[in-house]
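S.K.: Now for the letters of each chain:
Number of protein chains: 2
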Amino acid sequence: MSERLKSPTRRNLLKGGALLSGAALTGAALPARADDPAITNLQPWMQELGDGVDAMPYGMPSKFEAHVKRRTVEWLTADRVSSINFTPLHELDGIITPNGLCFERHHGGVAHVDPAQHRLMINGLVDKELVFTMEDIMRFPRENRVYFLECAANSGMEWRGAQLNGCQFTHGMIHNVMYTGVPLRLLLEEAGLKTNAKWLMPEGADASAMTRSIPLQKALDDCLVAFKMNGEALRPEQGYPLRLVVPGWEGNMWIKWLRRIEVGDEPWHHREETSKYTDLMENGKARRFTWEMDCKSVITNPSPQAPILHKSGHTIISGLAWSGRGTIPRVDITLDGGKNWHAARMDGPSFDKSMHRFYFEFDWDGKPLLLQSRAHDSTGYVQPTKDELRAVRGENSIYHNNGIHTWYVGENGEAENVEIS
Amino acid sequence: MSERLKSPTRRNLLKGGALLSGAALTGAALPARADDPAITNLQPWMQELGDGVDAMPYGMPSKFEAHVKRRTVEWLTADRVSSINFTPLHELDGIITPNGLCFERHHGGVAHVDPAQHRLMINGLVDKELVFTMEDIMRFPRENRVYFLECAANSGMEWRGAQLNGCQFTHGMIHNVMYTGVPLRLLLEEAGLKTNAKWLMPEGADASAMTRSIPLQKALDDCLVAFKMNGEALRPEQGYPLRLVVPGWEGNMWIKWLRRIEVGDEPWHHREETSKYTDLMENGKARRFTWEMDCKSVITNPSPQAPILHKSGHTIISGLAWSGRGTIPRVDITLDGGKNWHAARMDGPSFDKSMHRFYFEFDWDGKPLLLQSRAHDSTGYVQPTKDELRAVRGENSIYHNNGIHTWYVGENGEAENVEIS
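Chain order of the listed sequences is A and B.
To convert, count from 1 in the first sequence and add 7; that's the working numbering.
To convert, count from 1 in the second sequence and add 7; that's the working numbering.
In short, the hints are calculated from the structure, not lab data.
Values in this document were obtained by computation on a predicted structure and should not be read as measured data.
Check each hint, because a few of them may be wrong.
Copies of the same chain look alike in the list, so a pair counts if it works inside one copy or between any two.
As the list claims (entries may be wrong) - Think about it this way: if two alpha-carbon atoms lie no more than 20 Å apart in a straight line, the pair counts; the simulated SDA-like pairs of lysine to any residue are:
hint : residue 1 : residue 2
1    : Lys346    : Pro375
2    : Lys283    : Gly355
3    : Lys76     : Gly66
4    : Lys135    : Thr47
5    : Lys76     : Tyr65
6    : Lys70     : Asp121
7    : Lys135    : His321
8    : Lys135    : Gly199
Whenever a hint applies, use it, and build me the whole structure from the sequences.
M.R.: Below, the structure is given as structure tokens:
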């Protein structure tokens, strides 16, 4: 279990140094002020009856949270129907991404599939070609697992330098939810795999009919055919009623609106793993089949969309870390661009191939900061700098930017995206 | 980690008995039928471009999921503004309740609080009386924890017998989410507790100004002052922007729209712990301060709102179990009203004072069933029958019905709420 959190007051009293008395230490919690209109005036919500219980059979956020939404980057794609939106990471906490705020990327718009008409076919190198209805899928044993889904292009624009002004845009092609689904292994066993079966090609039912080649070993390991996210049905933009879950691997392999899985003996080399999702190296060859999402982290608060609101004193840095290869036992934080590193506090559940939440609490002296986070995963891998990545991959990468990210925070508390060597 | 799930086909082949060949064993996954219009006709969603990425900055469920909603029981309360709605447990899976489907109960309607105007005061037997803004709260260390919240009146109508037709109504005064919040302990330390401080009275900012007395020991243990649920801000009906979290304890102690915490040396004996939330015993005395929610379980599928859709063959029973005193290491299932008990399969994460998910997979012979689940918690406590509870508490209980629940399932797959001795 987590250690019990210490009061900032006590921690600082123990540390000594430039202390202020109790309340002022945090800059918070002033003694009750008799003239604060927020407490002298009876607020309207204390005086009036509010909404009844059936005002909203499906509840929505407060109107005061209207700024918490997915956003797009205008110039990023030619069209809205082959495009992407971004999770507002700076507004979230914990490790669960609420369903309505999960980023999504599609190539032919969001399909609105009628589940009664939807079918999943398994064909190719199998003993029995099969067609499943949704009711059929529900009769197989199922599992519940929390996994991140990250687009391989997440942070891709940042290869060229500090481009986008907010972690929603630099890192927001990611979400983390609990999936309910049937292990793909069980459906393949139902069909019976022929001895020369080595690869799968899942295919989507939307207008773009997305496909990827997946090696059989991964399919038989931990892939799920999922129909629920965070307890309820998949959202339409997340592939309702059925999607593939490929834990820890590139987001575009997690085929949405899953309608067919073909079993074959070699990869198909379709567009989404040749023209796209490959990175050109300096030697003229391209990295392909870069399936695993590497260990990565980002500070979500403060960040350009989430400035520090106080002048100095007790401050919380918050962020996320994840790895497609395991868990995150450790994250380091620096306030000075890498001169000094400190251990962050990991908080909450730690699941394999899931987001992890970290915090770093410190007393800010009000002077400029150069913030970075550096994650370690359970394989021992340490998140590299972008320069270290470029040294290996050259300058032409589009995908798999898991480099350490820097925010400059000024005396006014506002953060900017910067790149430092 | 969980055991790897076995294919139902293999399990049944190993068991022998009245088996059918592969596909028919599950009744699922027929060989591809050339005449199934769902696969011969090109579906509209495969032919047309769908919605663009900014159609929904805050996403919503599929229109095909419109039946998944909170519901009310018309006759239960005199008015909609002092009433309750119910979580559609039969439609959910895993252990996370999506925010929009979390049941809620209020006494003066849902307050719509402006967070900029909201204040939290701590007064009474403290060294410094304090007033916090939401920004102040954000500067204290925080935690992320998954907890169930159950109303003490959940299943209360069922004391009188099998009354309501669905687990949404018999057991739906409950939800399970990940909270982000500041340990209450840290805020109390900031104020400084006087030596004779023994009880807290949290108070809400809605029109009903709900209060309860909470013993200091619990407050200092694991209570949180929470501002997020499943990653985003609390929903208005869940107390936006601030609520108390009292892990494992009666739902009405988790004061919503939290505006004040008074520290005292004895309980206040307010309405919600005297006139309400007490149970009259046969000896004329009343149980009060029955804070802990007892170990409990319910089968969510099949259930009256979720019939079995096939005639026989491989069938999945699904349900939830929880305890205010710890985790749930074990759930037993009976198909014949208690003559024979079987171990259910626990799946997914197991957290202290959180919901747990269980499954039981079996081959249904198509004949009537009397389904029950019986949970064991980590203290060794075993969920009792209602008769066992009545023997101890008499016939006048309103609250804390954690008795074993029975569904009768007929040959047509439909379930009914029944009570058996």
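S.K.: Does each hint fit the structure? Answer for all of them.
M.R.: Evaluated hints:
1. For the identical chains of this complex, Lys346 and Pro375 are intra-copy neighbours only, at 14 Å inside a copy versus 71 Å across copies, given an alpha-carbon limit of 20 Å.
2. Proximity of Lys283 to Gly355 under the C-alpha cut-off of 20 Å is found in neither arrangement, the shortest distances being 36 Å within a copy and 35 Å between copies.
3. Both within a single protomer and between protomers do Lys76 and Gly66 lie at most 20 Å apart by alpha-carbon distance, with minima of 16 Å and 9 Å respectively.
4. Taking identical chains as interchangeable, the C-alpha atoms of Lys135 and Thr47 lie at most 20 Å apart only when they sit on different chains, with a minimum of 19 Å there against 74 Å within one chain.
5. In this homomeric assembly, Lys76 and Tyr65 come within 20 Å of each other (Cα to Cα) both inside a single copy, at 18 Å, and across copies, at 5 Å.
6. Proximity of Lys70 and Asp121 under a CA criterion of 20 Å is satisfied inter-copy only: 9 Å between copies versus 31 Å inside one chain copy.
7. Taking the closest pair of Cα atoms, Lys135 and His321 come within 20 Å of each other only across two copies (19 Å); inside a single copy the shortest separation is 64 Å, beyond that limit.
8. In this assembly of identical chains, Lys135 and Gly199 lie within 20 Å of each other by CA distance solely inside one copy; the values are 6 Å within and 71 Å between copies.
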